[in-house]
Amino acid sequence: DAKTTQPPSMDCAEGRAANLPCNHSTISGNEYVYWYRQIHSQGPQYIIHGLKNNETNEMASLIITEDRKSSTLILPHATLRDTAVYYCIANTDKLIFGTGTRLQVFP
Amino acid sequence: ETGVTQTPRHLVMGMTNKKSLKCEQHLGHNAMYWYKQSAKKPLELMFVYNFKEQTENNSVPSRFSPECPNSSHLFLHLHTLQPEDSALYLCASSQWAGPTDTQYFGPGTRLTVL
Numbered sequence: 001d002a003k004t005t006q007p008p009s010m011d012c013a014e015g016r017a018a019n020l021p022c023n024h025s026t027i028s029g030n031e032y033v034y035w036y037r038q039i040h041s042q043g044p045q046y047i048i049h050g051l052k053n054n055e056t057n058e059m060a061s062l063i064i065t066e067d068r069k070s071s072t073l074i075l076p077h078a079t080l081r082d083t084a085v086y087y088c089i090a091n092t093d094k095l096i097f098g099t100g101t102r103l104q105v106f107p
Numbered sequence: 108e109t110g111v112t113q114t115p116r117h118l119v120m121g122m123t124n125k126k127s128l129k130c131e132q133h134l135g136h137n138a139m140y141w142y143k144q145s146a147k148k149p150l151e152l153m154f155v156y157n158f159k160e161q162t163e164n165n166s167v168p169s170r171f172s173p174e175c176p177n178s179s180h181l182f183l184h185l186h187t188l189q190p191e192d193s194a195l196y197l198c199a200s201s202q203w204a205g206p207t208d209t210q211y212f213g214p215g216t217r218l219t220v221l
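Just so you know, the sequences run in chain order L and C.
Each residue of the first sequence is one higher than the one before, counting from 1 in the numbering used here.
Each residue of the second sequence is one higher than the one before, counting from 108 in the numbering used here.
Some hints here could point you the wrong way.
What the hints assert, rightly or not - Derived contacts from chain L toward chain C, CB cut-off under 7 Å, selection only:
1) C12
2) H40
3) Q42
Claimed, not checked - Calculated cross-link-like contacts (lysine-lysine; reagent style DSS-like; alpha-carbon spacing at most 25 Å):
4) C:K125 with C:K159
5) L:K3 with C:K148
6) L:K94 with L:K69
7) L:K52 with L:K94
8) C:K159 with C:K129
9) C:K159 with C:K147
10) C:K126 with C:K148
11) L:K69 with L:K52
12) L:K3 with L:K52
13) C:K126 with C:K159
14) C:K147 with L:K94
15) L:K3 with C:K129
16) C:K125 with L:K94
17) L:K3 with L:K69
18) L:K3 with L:K94
19) C:K148 with L:K94
20) C:K129 with L:K94
Since the hints were derived computationally from the structure, they do not count as laboratory data.
Glycine included, each C-beta is placed from N, C-alpha and C at the ideal position.
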């Protein structure tokens, strides 16, 4: 499983887009990029995943660079309820959670 | 979200007690997982069950004993725990145990060992 690197924390104003970066420079061709988030003291929540193409669902968009060495999770209109720790995971086999990015959305 | 439920939500136990954590999934999934999350540490995978069979034990001490009687239920039996076992224990399920299968987590059991 590829190692991922994320900034430890980020701030975002409510209503603005939150762009969370993730570096996975050692990712192999068959490893997917997954994003989960964990709101304080709750279980992690699946957000989105992708392999090569950009993906969008009702929660977020995932932009993966052409060389697949990095990706960005975009929350288009962040709300206070999006305050959480966001985990980027690149895996072929099982989820290995790192320390993630603590996103603080402020009013 | 009530797809994966866990009971109890909070548990305080002494080192000589025996207790069990319960997880139930209502999603029709075939794979279930136990994770441990200690304070200020990443989630650690403990066990994986696929079609009731244990497929992974991530070097977990024997004082943690999992049981999966069917695809909908997963237990974690605890005995002679140590204070350092205090953590949030999370259960998850997925359709299959494959790399692209999204895992759905329960709310967790907050365990305190005195």
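Do the hints match the structure? See the list:
1. Violation of the interface hint for L:C12 is found here, the shortest Cβ-Cβ separation to chain C being roughly 23 Å, above the 7 Å cut-off.
2. Look at L:H40: its Cβ only gets to about 11 Å from chain C, farther than 7 Å, so that hint breaks.
3. Below 7 Å, beta-carbon pairs count as interface contacts, and L:Q42 has one with chain C at about 6 Å; its hint therefore holds.
4. Straight-line distance between C-alpha atoms of C:K125 and C:K159 comes to about 23 Å, which keeps the hinted pair within the 25 Å bound.
5. Among the hinted pairs, L:K3 with C:K148 is consistent with the structure: their alpha-carbon atoms are about 16 Å apart, no more than 25 Å.
6. Among the hinted pairs, L:K94 with L:K69 is consistent with the structure: their alpha-carbon atoms are about 19 Å apart, no more than 25 Å.
7. Between L:K52 and L:K94 the CA atoms are separated by roughly 19 Å; this keeps the pair inside 25 Å, and the hint holds.
8. With a C-alpha separation of about 15 Å, the suggested pair C:K159 and C:K129 falls inside the 25 Å cut-off, and the hint holds.
9. With a C-alpha separation of about 31 Å, the suggested pairing of C:K159 with C:K147 is violated against the 25 Å cut-off.
10. A C-alpha spacing of about 24 Å is found between C:K126 and C:K148, which places the hinted pair at or below 25 Å, so the restraint holds.
11. Proximity of L:K69 to L:K52 is assessed by CA-CA distance (about 10 Å); at most 25 Å being required, the pair is judged to hold.
12. Taking the CA atoms of L:K3 and L:K52, the gap is near 17 Å; set against the 25 Å cutoff, the hint holds.
13. Annotation: proposed proximity of C:K126 to C:K159 holds, straight-line Cα distance about 21 Å (limit 25 Å).
14. Note on C:K147 and L:K94: the hinted pairing holds, with a Cα-Cα distance of about 21 Å set against a maximum of 25 Å.
15. For the hint linking L:K3 to C:K129, the alpha-carbon distance of about 32 Å lies beyond 25 Å, and the restraint is violated.
16. Distance check on the hinted pair: C:K125 and L:K94 sit about 30 Å apart at the alpha-carbon level, beyond 25 Å; violated.
17. This hinted pair checks out: L:K3 and L:K69 have alpha carbons roughly 11 Å apart, not beyond 25 Å.
18. A threshold of 25 Å between alpha carbons decides the hint, and for L:K3 with L:K94 the separation of about 13 Å falls inside it, so the pair holds.
19. Annotation: proposed proximity of C:K148 to L:K94 holds, straight-line Cα distance about 18 Å (limit 25 Å).
20. Taking the CA atoms of C:K129 and L:K94, the gap is about 22 Å. The hint holds against a cut of 25 Å.
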